[in-house]
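Enquirer: Fit chain V to the supplied structure of chain H, relying on the hints for placement.
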Amino acid sequence: MEDKIKRVYIPMTETGFYILFCLQTEMHGYNIIQKVSSMTNGDIQIGAGTMYGSLSKMEKDGLIQFTKEEGKRKSYIITDLGKKILDIEIKRIERLYKNSQGVSK
Amino acid sequence: METKVMKRFFGLADFLEEQRFLEEQHKQGWKFIKFEAPRKYTFEKCEHEDYIYRLDYNEEEKDEEAYLQIFQDCGWEYLMKYQTWYYFRKKKLSLNESDQEIFSDNDSKIDMIKKVMWKQMLVLIPFVLFLPIFITAINHFLNEDIVFKMIWIVYILIMVFLLSMCVHNIIKLNKLIQSLANPLDDHENK
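Sequence order for the protein chains is H and V. Final position of the first sequence in our numbering is 235; the numbers increase by one with none missing. Final position of the second sequence in our numbering is 192; the numbers increase by one with none missing.
In isolation and in its complexed conformation, chain H is listed as follows:
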């Protein structure tokens, strides 16, 4: 099962990565959109449809879990499985970065 999840999520889309990364703290969809926008100086503006779709998919796949509903906004937080996947992805990106700098290991 975990292997399947890995195959689907790694490598991750930029949107997927930022969503999972942000959900290391509890947040709702629009929070994430704002945070990603400010983290990237407005370069990445996640669309409403993309956000909703990603959250439902990640919840279904067990990477994140629903925590609470405030007004009509649903908050989520990363799960252990999500952390594992995020960790693998971060290591992958770090290696990519190191290699692009021409530093060995």
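Since the hints were derived computationally from the structure, they do not count as laboratory data. Even for Gly, the Cβ is constructed at its ideal location relative to N, Cα and C. Careful, some of the hints might be misleading.
[As the list claims (entries may be wrong)] The calculated BS3-like cross-link candidates involving lysine-lysine, where the alpha carbons are at most 30 Å apart (straight line), are:
#: 1; chain 1: H; residue 1: K187; chain 2: V; residue 2: K116
#: 2; chain 1: H; residue 1: K198; chain 2: V; residue 2: K92
#: 3; chain 1: V; residue 1: K92; chain 2: H; residue 2: K136
#: 4; chain 1: H; residue 1: K134; chain 2: V; residue 2: K117
#: 5; chain 1: H; residue 1: K213; chain 2: V; residue 2: K116
#: 6; chain 1: H; residue 1: K136; chain 2: H; residue 2: K198
#: 7; chain 1: V; residue 1: K117; chain 2: H; residue 2: K190
#: 8; chain 1: H; residue 1: K202; chain 2: V; residue 2: K116
#: 9; chain 1: H; residue 1: K187; chain 2: V; residue 2: K177
#: 10; chain 1: H; residue 1: K136; chain 2: V; residue 2: K33
#: 11; chain 1: V; residue 1: K83; chain 2: V; residue 2: K33
#: 12; chain 1: V; residue 1: K64; chain 2: H; residue 2: K213
#: 13; chain 1: V; residue 1: K33; chain 2: V; residue 2: K93
#: 14; chain 1: V; residue 1: K117; chain 2: V; residue 2: K64
#: 15; chain 1: V; residue 1: K42; chain 2: H; residue 2: K136
#: 16; chain 1: V; residue 1: K36; chain 2: H; residue 2: K202
#: 17; chain 1: H; residue 1: K187; chain 2: V; residue 2: K64
#: 18; chain 1: V; residue 1: K93; chain 2: H; residue 2: K165
#: 19; chain 1: H; residue 1: K190; chain 2: V; residue 2: K177
[Stated by the list, open to error] Partner residues aside, some chain H positions facing chain V, computed with beta carbon under 8 Å:
#: 20; residue: K134
#: 21; residue: M142
#: 22; residue: T143
Expert: Same frame as chain H, but now just chain V:
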């Protein structure tokens, strides 16, 4: 308020054309009020303005409030829903161009089109299931009277029409997916 009604037909695979049609109307000073099946669009007179219209396909009804909330937070005005299609609009601002799409990456665009395509494929299942009955009926057809034959011919024509519409939609949706997945390939020439 002055209103007008227009008759237009857009199929399951024509949501991009429908969006463009609504944007065009708004630009000409007619804002979209509602759609009634199969092809009635009601508009109300308004300022000539550039608005973005977007249609989203969403099957998860139980989560509808949270779904609409995200769109509202992102500045989309929710207009109406027809079956599993949701209509949104937003004023076009030249400053903030990255903020004008409901889907910000190709993967999510393709995901939506795939959902629409699956729906269209489900419609094909009854056709396949009825095929054996259909073939037996054709055998009887040869020795039946003229009225029966007429009914059958009409029935078959309707079926052929529906089937070809289905196939047309699936081909069109698939082309959309291909052009999103491989934007460098030339999909127009063919």
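Enquirer: Now look at each hint and say whether the structure bears it out.
Expert: Checked hints:
1. H:K187 to V:K116: Holds, at roughly 14 Å.
2. H:K198 to V:K92: Holds. H:K198 to V:K92 sits at ~29 Å (cutoff 30 Å).
3. V:K92 to H:K136: violated (37 Å)
4. H:K134 to V:K117: Holds. H:K134 to V:K117 sits at ~21 Å (cutoff 30 Å).
5. H:K213 to V:K116: Between H:K213 and V:K116 the Cα gap is close to 29 Å, so the pair holds against 30 Å.
6. H:K136 to H:K198: Holds: H:K136 and H:K198 sit about 27 Å apart, inside 30 Å.
7. V:K117 to H:K190: Holds, at roughly 16 Å.
8. H:K202 to V:K116: This hinted pair holds, its Cα atoms lying about 28 Å apart.
9. H:K187 to V:K177: Roughly 24 Å separates the two Cα atoms, so the pair holds.
10. H:K136 to V:K33: Distance ~46 Å between H:K136 and V:K33 Cα, so the pair is violated.
11. V:K83 to V:K33: It holds: about 16 Å lies between the C-alpha atoms, which stays within 30 Å.
12. V:K64 to H:K213: holds (28 Å)
13. V:K33 to V:K93: holds (12 Å)
14. V:K117 to V:K64: Holds, because 17 Å separates the two Cα atoms, which is no more than 30 Å.
15. V:K42 to H:K136: Roughly 47 Å between the alpha carbons, so the hint for V:K42 and H:K136 is violated.
16. V:K36 to H:K202: holds (25 Å)
17. H:K187 to V:K64: Holds, at about 15 Å.
18. V:K93 to H:K165: holds (23 Å)
19. H:K190 to V:K177: holds (28 Å)
20. K134: Result: violated, 18 Å to nearest chain V Cβ.
21. M142: Given a least distance of 10 Å, the restraint on H:M142 is violated.
22. T143: holds (5 Å)
Consistency with the previously given hints fails for numbers 3, 10, 15, 20 and 21, ordered from lowest to highest.
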